[in-house]
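Here the structure of chain G is known, so what remains is to put chain W in place on it, guided by the hints.
Below, each chain spelled out in residue letters.
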Amino acid sequence: GDSVTQMEGPVTLSEEAFLTINCTYTATGYPSLFWYVQYPGEGLQLLLKATKADDKGSNKGFEATYRKETTSFHLEKGSVQVSDSAVYFCALSDWQAGTALIFGKGTTLSVSS
Amino acid sequence: NAGVTQTPKFQVLKTGQSMTLQCAQDMNHEYMSWYRQDPGMGLRLIHYSVGAGITDQGEVPNGYNVSRSTTEDFPLRLLSAAPSQTSVYFCASRRQGMNTGELFFGEGSRLTVL
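First to last, the sequence lines map onto chains G and W. Going from the first sequence to the numbering used here is simple: count from 1 and add 956. Going from the second sequence to the numbering used here is simple: count from 1 and add 2.
Simulated from the structure, these hints should not be mistaken for lab results. Note that this is a predicted model, so its numbers are computed, not measured. It is possible that part of the hints are untrue.
[Stated by the list, open to error] Which stretches of chain G does chain W cover? Using the computed rule of at least three CB atoms under 8 Å from a CB of chain W, they are:
| id | segment |
| --- | --- |
| 1 | 998–1005 |
| 2 | 1059–1067 |
[To be verified] Simulated crosslink set (DSSO-like; lysine-lysine; CA at most 30 Å straight-line):
| id | chain 1 | residue 1 | chain 2 | residue 2 |
| --- | --- | --- | --- | --- |
| 3 | G | K1061 | G | K1024 |
| 4 | G | K1008 | G | K1033 |
| 5 | G | K1012 | G | K1024 |
| 6 | W | K11 | G | K1061 |
| 7 | G | K1012 | G | K1061 |
| 8 | G | K1061 | G | K1033 |
| 9 | G | K1061 | W | K16 |
| 10 | W | K11 | G | K1016 |
| 11 | G | K1033 | G | K1012 |
Each residue gets a CB set at the ideal place from its N, CA and C atoms; glycine is no exception.
For reference, chain G alone in the conformation it holds in the complex:
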């Protein structure tokens, strides 16, 4: 079945460092790909998405490109801030096939000043 694999955490960075969180997926169809973020004590919220190959999703300085050839959707940010400290989840779905959102296990990011 469909699945998502993302890098284990925690990831610890200093403010203004470059961030990459790797995400790869397995899917039988043509899924849409997402990054969700969970701030401490809160529910998840959508950070960015891409619905087809070569699409780039972006939001709040974060970017991710849908790479069909490598089945990847890595999250990047050029300069992280303390306020970016959170848990990041990669997810996929194939709504047309009726699949629910499938999440990776999450990567905890901790940014220090």
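Only chain W this time, still in chain G's reference frame:
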């Protein structure tokens, strides 16, 4: 806007007790779902519903019941709680048929079963 509202936020149960986690949304979303979040496991789908009167099982449905009598409400019932059900539970909803991917989540309900 209230969005997705979950109650209670915290609950402690003894093994064998029953309880209901409440979820309500005011966005007229057809699709509603329950996930559990466990350390190192990510989020796993328990049950979901695509409209009033329609429910289906997710990845980990055992030990949980759901019903959907209205568009707004989607309660999750634990009939006989077990320590393995200690977790954080999230309710989420979206418009059915829209390929936006944006699930709207509640703030979570932390359940401890002793």
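How the hints compare with the structure:
1. 998–1005: holds (count 6)
2. 1059–1067: holds (count 4)
3. G/K1061 - G/K1024: Holds - the C-alpha atoms of G/K1024 and G/K1061 are around 21 Å apart, at most 30 Å.
4. G/K1008 - G/K1033: Holds: G/K1008 and G/K1033 sit about 21 Å apart, inside 30 Å.
5. G/K1012 - G/K1024: holds (12 Å)
6. W/K11 - G/K1061: With Cα atoms ~23 Å apart, W/K11 and G/K1061 stay inside 30 Å; holds.
7. G/K1012 - G/K1061: holds (22 Å)
8. G/K1061 - G/K1033: The hint holds at about 20 Å.
9. G/K1061 - W/K16: The given pair, whose Cα atoms are some 28 Å apart, holds under the 30 Å limit.
10. W/K11 - G/K1016: Satisfied, since the Cα-Cα distance of roughly 29 Å is no more than 30 Å.
11. G/K1033 - G/K1012: It holds: about 13 Å lies between the C-alpha atoms, which stays within 30 Å.
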